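Enquirer: Order-wise, the sequence lines are chains A and B. At position 77 of the first sequence (counting the first as 1) the number is 77 in the numbering used here, and the numbers step up by one without a gap. In short: position in the second sequence from 1, add 1000, done, that's the numbering used here.
Keep in mind that a hint or two might mislead.
Below, computed lysine to any residue pairings styled on SDA-like, alpha-carbon distance capped at 20 angstroms [stated by the list, open to error]:
no., chain 1, residue 1, chain 2, residue 2
1, A, 46, A, 65
2, A, 231, B, 1106
3, A, 231, A, 102
4, B, 1006, A, 101
5, A, 192, B, 1009
6, B, 1006, A, 207
7, A, 46, A, 61
8, B, 1006, A, 203
9, B, 1006, A, 104
10, A, 47, A, 204
11, B, 1006, A, 241
12, A, 47, B, 1009
13, A, 102, B, 1014
14, B, 1098, A, 11
15, A, 46, B, 1126
16, B, 1006, A, 196
17, B, 1098, A, 47
18, A, 241, B, 1224
19, B, 1185, B, 1165
20, A, 231, A, 104
21, A, 102, B, 1224
22, A, 231, B, 1009
23, A, 231, B, 1108
24, B, 1006, A, 204
25, A, 102, B, 1015
Think of the hints as simulated: they come from the structure by calculation, not from any bench. Since we're looking at a predicted model, the values are computed, not measured.
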Amino acid sequence: MSKHVNLERRRQAIYGWLLLSPAAVLLSLFAFYPSIATFISSLFSKKTRRKPSEFIELENYTDLFADPTFWIVVKNNLFYAAITIPVSIAIALAMALWANSKIPARGFVRTAYFTPTVLPMIAAANLWLFFYTPGLGVLDQIGSLFGLPSVNWLGQPETALWAVIIVTIWKEAGFFMIFYLAALQTIPEDLKEAADIEGCSRWTYTRRIVLPLLMPTTLFIMVNAMINSVKLIDHLFILTKGGPSDASKLILYYIWEMAFAFFDAPHAAAMTILVLAVLCIVAAIQFFYLDRRTHYQ
Amino acid sequence: MNAVLKYVEPGAAILLAVIWISPLMFAVWAAFHSTSDAVNFNLLSPWTLDNFRTAWDGAPWLRYFLNTFMLVTVVLIGQFILTTLAGFAFAKLDFPGKNFVFILVLMQLFILPEVLIVENYAMVSRLGMFDTILGVGMPYMASAFGIFLMRQSFKSVPIELHEAARIEGCGLLGILWRVYVPLAKPTYLAYALVSVSTHWNNFLWPLIVTNSPDTRPLTVGLSIFGAPENGVDISVISAATMMSVAPLLIAFLLFQRQFVQAFLRAGIK
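Let the hints inform the model, and build the full structure from the sequences given.
Expert: Here you go:
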């Protein structure tokens, strides 16, 4: 009998590893090995024709910290995150509350909110180019109706990052909305009835009952929005290319530029490691809060 | 007061919807009008297909479409095979080291492929897959997210079905293929919609690993076509943009409910 159990156990182990192996190989090739290789190459100097690459400890990192552009980019990205995360969450919440209430043309409203999600970021940037172009663009034309001067939204440091931020919010708010919509539909009807009997206004009901119940969803969306504030940079390639004078450059774009325009892989690697460290913190936040969430249920 | 509020809220909701859809609407409208009419907002100006003709002749779009189509197909097939096998192993088999490997897989959720572009580029070149469609798709095939999704879906299959199939003489792979895969159809559909729209829209990685019109997907082709250096005007860019988003956009408008459900299922996990 025990021989049989042993055999069965061994069979499961062999099958288990066999089934896992294709995925394990690819994950190693394109996630684990590259992470380690990035870390290692961040500790070596750049290989040139004259000088071979050599171990320089943390010099690439100290170089980065001494590079003013790096700090501009970090500041830009923090600002980008600080605006896009709360604003897109707030808009997503408003969209969901509206799309869930009994309003006319609800189908149209839902579709309109969600449509930007299925467009590529590159296409979204092209659409917005039409708005931002100085003189000819829609924003300028609207402005000129009110006698405002023409503004080069993408061409001046004060507005370029804002222009990029608006496109990101436009793109992601509708995506976040659907998670709120799904959560709203799980709130039992009797809570609303109870609130009505108690004479609660709709505002009180929303603030005291709906919003607290949406908290886990908000946290989930927040983690996604944080990841997006690192990841969503495609539109920079069309709109500003990080300019003018680095005013709208974000970290991932800078990594790309370092590696594929300046061919400086070691510094790009050092920056990648810093981003991975930040993502680890985000992961930790998520695991911490997900634990609390299961605790509540 | 309440009576006013009753109209304010729907009004605001519809206004936001109009604002949200307007960039797309403007581009659709501009794509069908001459540039001078488009920038001057001549609402009554005649419709034309010239922009589409100019855009179509300006780049090998057919090739780009084919590349994108092949890319999303290759990625999807790879993902289906790899995530099904791995998801099944995690859900239904018991073996030493399983939990440790599962945590490693979960870690990959936060190591975004986008961030590892430099080393992934080196890896793809080393494997001799630079500037091939397989090279573009490869890093996404063993999707941790997909493995997780399949594991959840297979876990919910009652063990009785598994046992019944085994008594009938089905092998392990046979059980996977005949029992689990058919029952997970909704998950596959949801995953497919999310995967296809993600990779149809992906840009940065294909930009890095493709180097010729023979492999370039639509997004990269569109960005090159619309580059300011090329001096293409706004109506033609709008036409090109419309062309490249049309298949996915139309599919979305037709199967809206499925798309939204898919994104939901994929997101909430």
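Enquirer: Is residue 1185 of chain B close enough to residue 1165 of chain B, meaning Cα to Cα at most 20 angstroms?
Expert: Given that 20 angstroms is the threshold and the Cα spacing comes to 18 angstroms, the pair holds.
Enquirer: Does residue 241 of chain A pair with residue 1224 of chain B here, judged by a C-alpha cut-off of 20 angstroms?
Expert: With a Cα-Cα distance of about 13 angstroms, the restraint between residue 241 of chain A and residue 1224 of chain B holds, given a limit of 20 angstroms.
Enquirer: So if I understand the rule, the pair passes when the alpha-carbon distance is 20 angstroms or less; does residue 46 of chain A with residue 1126 of chain B pass?
Expert: holds, 19 angstroms
Enquirer: Do the alpha carbons of residue 231 of chain A and residue 104 of chain A lie within 20 angstroms of each other, as the hint requires?
Expert: Not satisfied, since the Cα-Cα distance of roughly 36 angstroms exceeds 20 angstroms.
Enquirer: Given the hint that residue 47 of chain A pairs with residue 204 of chain A, does the C-alpha gap stay at or below 20 angstroms?
Expert: Given pair residue 47 of chain A, residue 204 of chain A is violated - Cα atoms ~64 angstroms apart, limit 20 angstroms.
Enquirer: What's the verdict on residue 102 of chain A and residue 1015 of chain B, does the C-alpha distance respect the 20 angstroms limit or exceed it?
Expert: holds, 16 angstroms
Enquirer: Holds or violated: are the alpha carbons of residue 231 of chain A and residue 1106 of chain B at most 20 angstroms from each other?
Expert: holds, 18 angstroms
Enquirer: Does the structure keep residue 102 of chain A and residue 1224 of chain B at a Cα separation of 20 angstroms or less?
Expert: The hint is violated at about 45 angstroms.
Enquirer: With a cut-off of 20 angstroms on the C-alpha distance, tell me whether residue 1098 of chain B and residue 47 of chain A pass.
Expert: Status violated; Cα separation ~40 angstroms.
Enquirer: Within a Cα-Cα threshold of 20 angstroms, do residue 1098 of chain B and residue 11 of chain A meet the stated pairing?
Expert: holds, 14 angstroms
Enquirer: Regarding the pair residue 1006 of chain B and residue 204 of chain A, is the alpha-carbon distance no greater than 20 angstroms?
Expert: holds, 16 angstroms
Enquirer: Mind checking the alpha carbons of residue 1006 of chain B and residue 241 of chain A for me, to see if they're no more than 20 angstroms apart?
Expert: Roughly 45 angstroms separates the two Cα atoms, so the pair is violated.
In summary, the numbered hints that this structure violates are 3, 10, 11, 12, 17, 20, 21, 22.
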